[in-house]
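As they're listed, the protein sequences go chains A and B. Using the numbering used here, the letters of the first sequence correspond one by one to residues 1 to 269. Using the numbering used here, the letters of the second sequence correspond one by one to residues 270 to 793.
In short, the hints are calculated from the structure, not lab data. In this text, a Cβ means the ideal position worked out from N, Cα and C, and glycines have one as well. Honestly, I wouldn't trust all of these hints.
[Unchecked claim] Incomplete in silico selection of chain A near chain B, CB under 8 Å:
no., residue
1, L16
2, S34
3, V41
4, P43
5, A46
6, F51
7, W59
8, A62
9, L88
10, D193
11, E194
12, C204
13, C205
14, R233
[Claimed, not checked] Distance windows between CB atoms, simulated:
no., chain 1, residue 1, chain 2, residue 2, range
15, B, R340, A, Y50, 19 to 27 Å
16, A, S30, B, L475, 21 to 29 Å
17, A, L67, B, R340, 26 to 34 Å
18, B, E339, A, L67, 24 to 32 Å
19, B, F520, A, S30, 46 to 54 Å
20, B, K657, A, L87, 32 to 40 Å
21, A, F65, B, W462, 19 to 27 Å
22, B, L482, A, A220, 34 to 42 Å
23, A, F51, B, T421, 47 to 55 Å
24, B, I654, A, E258, 56 to 64 Å
25, B, L475, A, A191, 54 to 62 Å
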Amino acid sequence: MTAFARARALNPQVCLELLCHASFSVLLFSLTHSGKYLTYVTPRMAPYLYFAAAVMLLWAGADAFRLFRPRNRVRVAHCLVPAIPILLLLLPHSPLSASDVGYGYAGGSAFAGPGAQSAAQAAAREAEGDLEFGEPQDEITATDASSGAFIEVEDDAFYSWLNELYMNLDTYVGCQISVTGFVFKDPETLAADEFVPARLGMTCCVADLVPYGLVCKYAAAGELAPDTWVKVRGVVRKGEYAGFEEPQIEVTSVEPAEPVEGYIYPFEY
Amino acid sequence: MPIPVHVVTGFLDAGKTTFLNEFLQCPELRDAERAVFRFESGEATFSGARCADFPIPKRELDAQPDGVAERMGAILRERAVDEIWIEWNGMTPFAALQSLLAHPALRGLCKLGKVIYVADAAKLEALAGRTGSAPAEQMASCDFAVVRGVYTARGLKKFQRLLRAFNPGLRVHRAICQDDILKEFSGKKLSPWLRFLIPIVPAVALYLLAAPLLEPPVPLNKIVNIFLGIILQAIPFLIIGVLLSSVIRIFVSGAFIENRFPRHPALGMPAAILAGFCLPVCDCASIPIFRSLVEKGVPLPTAITFMTVTPVINPVVMLSTYYAFGGNMRFMLARVLLGVASAVLIGFTFALRPPKTPITSGGALAATMPCDCGCLEDAESVTGIGGKLGLLLRHAQAEFFDVGKYLVIGVFVSAVFQAFGAGAFASAQSGAGLAASMAVMMLMGFVLSLCSSSDAVVARSFASGFPPGALLGFLVFGPMMDIKNVLMLSSRFSKRFVARLTVCAFAICFATVFLFSFFGGVSL
Numbered sequence: 001m002t003a004f005a006r007a008r009a010l011n012p013q014v015c016l017e018l019l020c021h022a023s024f025s026v027l028l029f030s031l032t033h034s035g036k037y038l039t040y041v042t043p044r045m046a047p048y049l050y051f052a053a054a055v056m057l058l059w060a061g062a063d064a065f066r067l068f069r070p071r072n073r074v075r076v077a078h079c080l081v082p083a084i085p086i087l088l089l090l091l092p093h094s095p096l097s098a099s100d101v102g103y104g105y106a107g108g109s110a111f112a113g114p115g116a117q118s119a120a121q122a123a124a125r126e127a128e129g130d131l132e133f134g135e136p137q138d139e140i141t142a143t144d145a146s147s148g149a150f151i152e153v154e155d156d157a158f159y160s161w162l163n164e165l166y167m168n169l170d171t172y173v174g175c176q177i178s179v180t181g182f183v184f185k186d187p188e189t190l191a192a193d194e195f196v197p198a199r200l201g202m203t204c205c206v207a208d209l210v211p212y213g214l215v216c217k218y219a220a221a222g223e224l225a226p227d228t229w230v231k232v233r234g235v236v237r238k239g240e241y242a243g244f245e246e247p248q249i250e251v252t253s254v255e256p257a258e259p260v261e262g263y264i265y266p267f268e269y
Numbered sequence: 270m271p272i273p274v275h276v277v278t279g280f281l282d283a284g285k286t287t288f289l290n291e292f293l294q295c296p297e298l299r300d301a302e303r304a305v306f307r308f309e310s311g312e313a314t315f316s317g318a319r320c321a322d323f324p325i326p327k328r329e330l331d332a333q334p335d336g337v338a339e340r341m342g343a344i345l346r347e348r349a350v351d352e353i354w355i356e357w358n359g360m361t362p363f364a365a366l367q368s369l370l371a372h373p374a375l376r377g378l379c380k381l382g383k384v385i386y387v388a389d390a391a392k393l394e395a396l397a398g399r400t401g402s403a404p405a406e407q408m409a410s411c412d413f414a415v416v417r418g419v420y421t422a423r424g425l426k427k428f429q430r431l432l433r434a435f436n437p438g439l440r441v442h443r444a445i446c447q448d449d450i451l452k453e454f455s456g457k458k459l460s461p462w463l464r465f466l467i468p469i470v471p472a473v474a475l476y477l478l479a480a481p482l483l484e485p486p487v488p489l490n491k492i493v494n495i496f497l498g499i500i501l502q503a504i505p506f507l508i509i510g511v512l513l514s515s516v517i518r519i520f521v522s523g524a525f526i527e528n529r530f531p532r533h534p535a536l537g538m539p540a541a542i543l544a545g546f547c548l549p550v551c552d553c554a555s556i557p558i559f560r561s562l563v564e565k566g567v568p569l570p571t572a573i574t575f576m577t578v579t580p581v582i583n584p585v586v587m588l589s590t591y592y593a594f595g596g597n598m599r600f601m602l603a604r605v606l607l608g609v610a611s612a613v614l615i616g617f618t619f620a621l622r623p624p625k626t627p628i629t630s631g632g633a634l635a636a637t638m639p640c641d642c643g644c645l646e647d648a649e650s651v652t653g654i655g656g657k658l659g660l661l662l663r664h665a666q667a668e669f670f671d672v673g674k675y676l677v678i679g680v681f682v683s684a685v686f687q688a689f690g691a692g693a694f695a696s697a698q699s700g701a702g703l704a705a706s707m708a709v710m711m712l713m714g715f716v717l718s719l720c721s722s723s724d725a726v727v728a729r730s731f732a733s734g735f736p737p738g739a740l741l742g743f744l745v746f747g748p749m750m751d752i753k754n755v756l757m758l759s760s761r762f763s764k765r766f767v768a769r770l771t772v773c774a775f776a777i778c779f780a781t782v783f784l785f786s787f788f789g790g791v792s793l
């Protein structure tokens with residue numbers, strides 16, 4: 001008897017399950033490894049995603065032993081559970097941008113900027129001692145920054161700078177600053193001559209994106225189209241929002257800018 | 270060409286022989302040279318009409334399966350048989366029939382055709398409890414079922430639900446409706462690959478073609494993003510949940526729980542809360558664990574407290590609430606303590622008034638079966654650590670699929686709601702009193718189905734429009750019960766139980782938070 005004749009029929013259900021697990025595993029791994037997962041969840045999820053990929057691979061391996069076990073009633077519908085996320089991950093879609101984030105969430109006050117932030121950061125300080133935010137400290141060396149030191153807020157140091165300005169506002173009042181973000185205006189929390197060059201911040205996953213940034217005083221704020229990307233130059237000033245002191249920017253110039261890709265991850269404790 | 274083998278299975282005295290007598294005489298059935306192998310000898314006499322009858326005692330099959338296979342092979346070669354019927358013994362695993370057909374003496378000669386499960390409605394529930402896994406496996410393997418002793422559409426529906434606990438989507442026909450049975454019998458089986466591709470290919474094509482046309486009224490891109498975000502977050506936790514739940518099922522014996530776990534709720538509740546604190550998982554993980562705890566005999570009130578308290582009390586949730594509300598320790602404590610109080614109260618209502626009907630969805634029948642996860646094939650024969658680990662993997666996998674399908678549906682619904690914005694909720698309550706605001710916020714928590722570790726940030730974003738009491742309602746009730754939890758629970762539990770749990774959780778969370786806010790409450 002040849003080996004072929006001895007081979008029994010493939011069990012299509014196990015075969016399909018194996019394919020689903022294996023492809024989901026590979027996809028999860030490459031998504032995490034390449035950093036693309038950051039458009040859906042925060043860096044905190046990386047170990048969990050690797051773990052999920054490993055278990056899926058284990059399942060696929062276990063399936064391999066059952067490939068030739070006969071089964072009469074073959075089910076396939078359950079394979080849609082991994083298949084739907086796999087397909088959606090592969091089908092074309094783009095990361096969310098400013099215009100996608102419904103400020104309607106809180107009737108306009110989804111802006112987690114000023115009040116929430118400063119308090120949260122104070123808490124973070126208290127809870128964990130001095131947080132290490134390498135970049136801003138490295139760049140600003142002089143304590144007499146008020147004499148016109150220039151803060152260039154790099155795109156990938158957006159949140160560290162935001163945090164630094166909230167923490168040590170007195171150090172930076174009077175400094176020149178330039179920052180890139182999309183124009184965020186919210187009539188409920190901001191005055192007519194105010195806007196925020198904001199970035200979207202993710203706490204847990206893409207479902208909870210909210211804008212973060214510094215309030216800018218700008219007489220011509222009304223002329224800025226919401227959600228367009230701008231580079232703002234100005235001077236750091238001490239402002240007030242809901243009873244809290246907070247850093248704001250007195251704008252000297254606003255120029256169009258290229259959109260910055262990626263979100264910020266404020267709660268990476 | 271291999272000869273089709275049609276199989277009739279079911280309990281002894283379920284009416285298998287009677288079914289064969291009736292069915293084979295059906296005038297619409299094609300004329301063919303039939304051989305009937307009967308491995309069961311019940312009370313009814315086989316008429317033997319339009320076929321050749323070969324009774325084979327079960328003893329013989331057990332003692333010398335090789336001999337049986339060779340005898341069958343000899344018969345098939347001797348006669349020009351073009352259709353085989355097998356009356357299979359109700360207590361013998363279906364897998365044994367499959368290995369019989371794969372025996373060298375028969376392989377290539379015949380192939381499995383339709384497998385028909387015959388049942389007597391009156392006897393089924395009483396019998397199933399006492400009989401191990403073979404009947405469950407038979408139910409799970411059949412292509413369709415025929416039931417006698419059912420006279421109303423409602424009765425049929427009930428019976429169908431019973432069998433579908435083992436064989437999802439199974440079609441059940443009444444024995445007297447011979448036309449339906451004949452139609453079902455002569456229907457062709459679609460290839461499983463086709464069945465898988467048929468829903469997928471058009472959906473993908475539609476997505477590629479229609480997606481640009483849908484925007485802007487339908488924020489498809491946003492729905493996809495939110496769906497994937499929540500799914501990627503939930504799946505690792507779901508996997509942790511099904512693994513832990515399978516460990517409980519396979520390695521923890523019912524006797525151990527019986528002896529060690531405090532029976533009295535007053536002791537069981539603290540144990541449940543402690544367990545919830547020690548398992549830093551969210552609600553996606555606690556539901557599978559809840560299922561195995563209940564099945565292993567943990568008292569229901571305690572298990573319910575465990576399930577409802579876990580998402581609120583775990584350290585990650587505490588930390589994220591603390592940060593989201595700007596380091597407001599009192600608010601975080603209020604959330605946790607109210608959550609614990611509500612969970613304990615919900616548990617106690619089930620201690621005071623235990624459910625009268627079985628809470629699992631398959632009714633009494635499913636409750637007595639060892640496992641309905643589809644890995645019935647050799648669940649009983651597994652011994653040794655290696656075998657158990659293999660079983661653990663398979664069990665976890667089966668449960669992943671089982672609970673996962675409800676997760677996918679739940680997350681999709683919630684992604685649609687989130688993409689369209691929750692502004693409607695906010696405007697619905699503006700200017701209303703605390704009770705109305707709380708109800709709106711709790712309803713929103715139920716609909717949005719956020720993960721308990723991220724809901725605090727969302728709640729914070731509502732802070733300007735809602736009083737703190739309403740936010741607490743959202744944060745206490747949301748993780749305990751929401752669309753995806755309800756769907757995941759109904760994969761195993763009766764509608765009645767899930768409904769009671771949901772209503773009860775809503776009422777109790779509302780009451781505790783409302784009273785708390787009424788007597789001082791907490792400010793932001």
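*asked:* Hint compliance check: list the failing hint numbers for this structure, sorted ascending.
replied: 2, 4, 5, 10, 11, 14, 15, 19, 25
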